[in-house]
Amino acid sequence: MIRVILPYHLRELANVGREVQLHVQGPVTQRAILDALEAKLPALKGTIRDHGTQARRPLVRFFACEEDVSHDPPDAPLPEAVAIGKEPFFIIGAIAGG
Amino acid sequence: MSGVRVLVGTRKGAFVLTSDGKRQKWDVAGPHFGGWEIYHMKGSPVDPNRIYVSQTSSWFGQQIQRSPDGGKTWEQAGNKFAYDGVPGTHKWYDGTPHPWEFKRVWHLEPSLSDPETVYAGAEDAALFRTTDAGQTWSELSGLRGHGSGSRWQPGAGGMCLHTILLDPADPKRIFIAISAAGAFRTDDGGQTFKPINQGLRSEYIPDPKADVGHCVHRIAMHRSRPNVLFMQKHWDVMRSDDAGDSWREVSGNLPTDFGFPIDVHAHEPETIYVVPIKSDSEHYPPEGKLRVYRSRTGGNEWEALTKGLPQSDCYVNVLRDAMAVDSLDKCGIYFGTTGGQVYSSPDAGDNWAPIVRDLPAVLSVEVQTLS
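Line by line, the protein sequences are chains A and B.
First residue of the first sequence? That's 27 in this note's numbering, and the numbers climb one at a time after it.
First residue of the second sequence? That's -4 in this note's numbering, and the numbers climb one at a time after it.
Hints are computed from structural coordinates only; laboratory data are not their basis.
Heads up, the beta-carbon is just placed ideally off N, CA and C, and yes, glycines get one too.
Some hints here could point you the wrong way.
[As the list claims (entries may be wrong)] Reference excerpt, derived from the structure (chain B facing chain A, CB under 10 Å, subset only):
hint	residue
1	W31
2	Q50
3	S53
4	R218
5	S219
6	N222
7	Y279
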């Protein structure tokens, strides 16, 4: 079971709580998590990554085990603690502005 | 019992203001979609309870919401806006080619005949259409593809398609406007467009009389005379009597001919309204006095409307989509400010009062007249 923590606005949009639990087939990567998340919550399509390019939106960040993994390749394996559900995968709206 | 419903889009959510035909006491509902930028809300003329909303965020992108019941409940619609084919480039601020990138929807214009059909004006400038109530969107790419797109350039607010006027007399004719490309018209339902900027003069571009490149802020028409268009340009208030084929200036005695919104009285096609704004750098009312100007002569001769509006220390702006009129008798005029006030006048502009004073910055105001 993968645990994903959503930012406030995406929780409101998808009408879910702070944490979403997902089943992911195969290696646990950013892409696999986001594919599973969008399959479970279609309301989130286009909000985390671009519809066409599938690139992460510029002001969205990903954290795993207290590390910013936003710039890691989308198919890179995430830490074991995330893969076994011990640690959540955080999707965060970047703190921007003054 | 008649009434009005005012749809207000703000930097931090959507608000629905309702009143009876007297327009003295108001109910305020919202914020809906709190924290999101609501660029525009508009109801279907065919089914007024069907309301469409452009909800956007720099973080999480574009959403389209629709309501089946006048704003009581909302349904998420489709948010995939893909340019048709390879979008190519437009001019960037420094004049270099820049790829077309979808950013947000500035304006939604529901069809005059079908509640499921809606047009959407996007940044970077393009016109989209849905025929299934917003589930899917397709670009009317004849606009970008007509040849001048590579010469369009963003204004300070972005390269936005902000005005969509549907001709009540001709379903195949649509007028649109883009900052900073100018005005365009299709006569074949959106397959092809042509620029309609003859007569515009913009000293801030290399060729002041160029066919494209003008920073048009807003266009308005009266539904009984769709060939007569009124335009608030970056500078100059303009008028066309031939569906945009030619324009002439009607700024007349305005204290400044810069501004953003322009609108037409619901029952008097020659009565028009603007809000002069000091520019090019300040973007607030001249002398700190918030004044709507009314012309009863289709331009050139303007009178200041001030009763009930702040006449000192007022430094708000009124954005291009933030003015609207109802169709009651007398015609009501409404506008919202970047300071969060929404003002209404139930008597065509003679007297004003705030409906609300402390909303987030107002991006758009639309009014529905309900029977």
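Subject >> Given hint N222/B near chain A, where the shortest CB pair must fall under 10 Å >> reply: Violated - the Cβ of N222/B stays beyond 10 Å from chain A, reaching only about 39 Å at its closest.
Original post:
Any CB of chain A closer than 10 Å to the CB of Y279/B?
Top reply: violated (21 Å)
Original post:
Measuring from the C-beta of S219/B to each C-beta in chain A, is the shortest one below 10 Å?
Top reply: violated (40 Å)
Original post:
Was the hint right that S53/B lines chain A, CB cutoff 10 Å?
Top reply: holds (6 Å)
Original post:
Taking the least C-beta to C-beta distance, is W31/B closer than 10 Å to chain A?
Top reply: At about 7 Å, which falls below the 10 Å cut-off, the nearest Cβ of chain A leaves the hint on W31/B intact, so it holds.
**OP:** Using Cβ atoms only, decide whether R218/B comes closer than 10 Å to chain A, and label the hint accordingly.
**Re:** violated (35 Å)
Original post:
How about Q50/B: closest beta carbon in chain A under 10 Å, or not?
Top reply: holds (9 Å)
Hint check: violations occur at hints 4, 5, 6, 7; the rest are consistent with the structure.
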